[in-house]
Amino acid sequence: MIFEVFRQEKKGQAFAHAGSVEAPDAAFADAWAREQYGRRGESEALWLVPRTSIHAITEWADEFDLKYRRVDGYSIKSRLAEARERASAKSSGA
Amino acid sequence: MDARTQEFLGYVQDGGQVEATDWLPDEYRQKLIKFIEMHANSELMGVLPEREWILKAPTLQRKLALTAKVQDEVGHAQLIYRVAEDLGKPRDEMFADLISGKAKFHNVFHYPTKTWGDVGVIAWLVDAAAIISQKALLKCSYAPYARIMKKICWEESFHILHGRDVILALMTGTDAQRELVQEALNRWWGPLMQFHGNPIPREEDPMFVWRIKSQGNEEARQQFLEGYVPQIWELGLTVPDPNLRRTDDGVWEYSEPDWAELKSVVTGHGPRSQDRLAFRARFLEQEQWVRDAIAA
Chain A
4 MIFEVFRQEK KGQAFAHAGS VEAPDAAFAD AWAREQYGRR GESEALWLVP RTSIHAITEW
64 ADEFDLKYRR VDGYSIKSRL AEARERASAK SSGA
Chain B
268 MDARTQEFLG YVQDGGQVEA TDWLPDEYRQ KLIKFIEMHA NSELMGVLPE REWILKAPTL
328 QRKLALTAKV QDEVGHAQLI YRVAEDLGKP RDEMFADLIS GKAKFHNVFH YPTKTWGDVG
388 VIAWLVDAAA IISQKALLKC SYAPYARIMK KICWEESFHI LHGRDVILAL MTGTDAQREL
448 VQEALNRWWG PLMQFHGNPI PREEDPMFVW RIKSQGNEEA RQQFLEGYVP QIWELGLTVP
508 DPNLRRTDDG VWEYSEPDWA ELKSVVTGHG PRSQDRLAFR ARFLEQEQWV RDAIAA
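Just so you know, the sequences run in chain order A and B. Per the numbering used here, numbering through the first sequence is continuous, rising by one, with the last residue being 97. Per the numbering used here, numbering through the second sequence is continuous, rising by one, with the last residue being 563.
Isolated chain A (complex conformation) (with noise of 0.2 angstroms):
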């Protein structure tokens, strides 16, 4: 299972990500993490998060995208192919 290790350095500031450790279980998790990000006093705190619990946002609609006035700003392609697919499995799985 691989852990997220997020770093506090100081009282007050903000969680950053500072690695991962791999372990079975949190409780292996817990021991490496405080031995390689704590070891030294460097964290006020630690968080530990399993990867698959991370659920991470990379894409963002951009609302202010003047493109729609115009032809370059429709990419219908993809969709009318998904729309196709989705007619295509309705009326043979009917």
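Source of the hints: derived by calculation from the structure; they are not laboratory data. The C-beta atom is built at its ideal place from N, Cα and C for all residues, glycine as well. Please note that the accuracy of each hint is not assured.
[What the hints assert, rightly or not] A few chain B positions that, by computed beta-carbon distances, are all more than 12 angstroms from chain A:
1. K381
2. Y412
3. D472
4. G535
5. A545
6. R549
7. Q555
8. A563
[What the hints assert, rightly or not] Footprint (simulated), chain A over chain B, 3 or more residues, beta carbon under 8 angstroms:
9. 347-361
10. 417-427
[What the hints assert, rightly or not] Capping the alpha-carbon separation at 30 angstroms, the derived lysine-lysine pairs in DSBU-like fashion look like this:
11. B/K418 to A/K13
12. B/K369 to B/K417
13. B/K402 to A/K14
14. B/K406 to A/K13
15. A/K14 to B/K406
16. B/K301 to B/K369
17. A/K14 to B/K417
Following the hints, position chain B against chain A.
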């Protein structure tokens, strides 16, 4: 090179950073693994010359400081192996490649440590040379590696002070002690000058092209000479290179390092290469039951 890879290359060359979850071109991933794996191997193998001196260090304080340094370096290996694992190479495979000689570690860790003077020179100058390379990784295009380097550089900075303190204690001691340092410097100067690699133009160095490292080999060596030769001289030590000089425009000139020696040493033919690999292999085998028990 396909369009997507070209775009990626342009992005990292403009200073862009990527995360483990981003799409990475295969060539970039392979170069990263090779580089990071060698770095981790060097941290792991690099403690062996110093480990030999823990029990022989002259005072309790020095034994403790050296133990702490060894502990730090092994810790660095743990952190860096984790980064390489995330890129897709299992740790067992990295250990196997290290032991078989397929994967390399830095030249300076293939040499013997004859006296306590060598320990001082390693902690001061070898670590200084290493931290120059490592600081150039803080801007690495692969962000998880760059973040790990922040912690590592912080610890390396006091290792250099520890080394300088060992050297200063000897240099303020007896003539025999000063001689010990001079002899160690004479032994280490060649490997130190080889450390940053041959001076290929950075544009031809794939590790620079992909912005895995942010400086060329010769730039790193010049930075080392500029920072440390004056410090060596001010202690009354002699650098064993009659051609070493700083030109008026601030460039250091030096005798051509022995590149054949570098190649031979890093391919496992150094004076201590095989002993140290055998030592590492013995402990990997001896401690297999611990890894098995944890995984069970």
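Do the hints match the structure? See the list:
1. K381: Its Cβ never comes within 12 angstroms of chain A, the nearest being 31 angstroms, so this holds.
2. Y412: violated, 10 angstroms
3. D472: With a cut-off of 12 angstroms, B/D472 remains clear of chain A, as the shortest Cβ separation is near 27 angstroms.
4. G535: holds, 29 angstroms
5. A545: holds, 27 angstroms
6. R549: Non-interface label stands for B/R549: nearest chain A Cβ at 23 angstroms, farther than 12 angstroms.
7. Q555: Since the minimum Cβ distance to chain A is about 16 angstroms, B/Q555 lies beyond 12 angstroms and the statement holds.
8. A563: violated, 8 angstroms
9. 347-361: holds (count 4)
10. 417-427: holds (count 3)
11. B/K418 to A/K13: holds, 15 angstroms
12. B/K369 to B/K417: holds, 29 angstroms
13. B/K402 to A/K14: holds, 27 angstroms
14. B/K406 to A/K13: This hinted pair holds, its Cα atoms lying about 24 angstroms apart.
15. A/K14 to B/K406: holds, 27 angstroms
16. B/K301 to B/K369: holds, 11 angstroms
17. A/K14 to B/K417: Judged against 30 angstroms, a Cα distance of about 20 angstroms means the pair holds.
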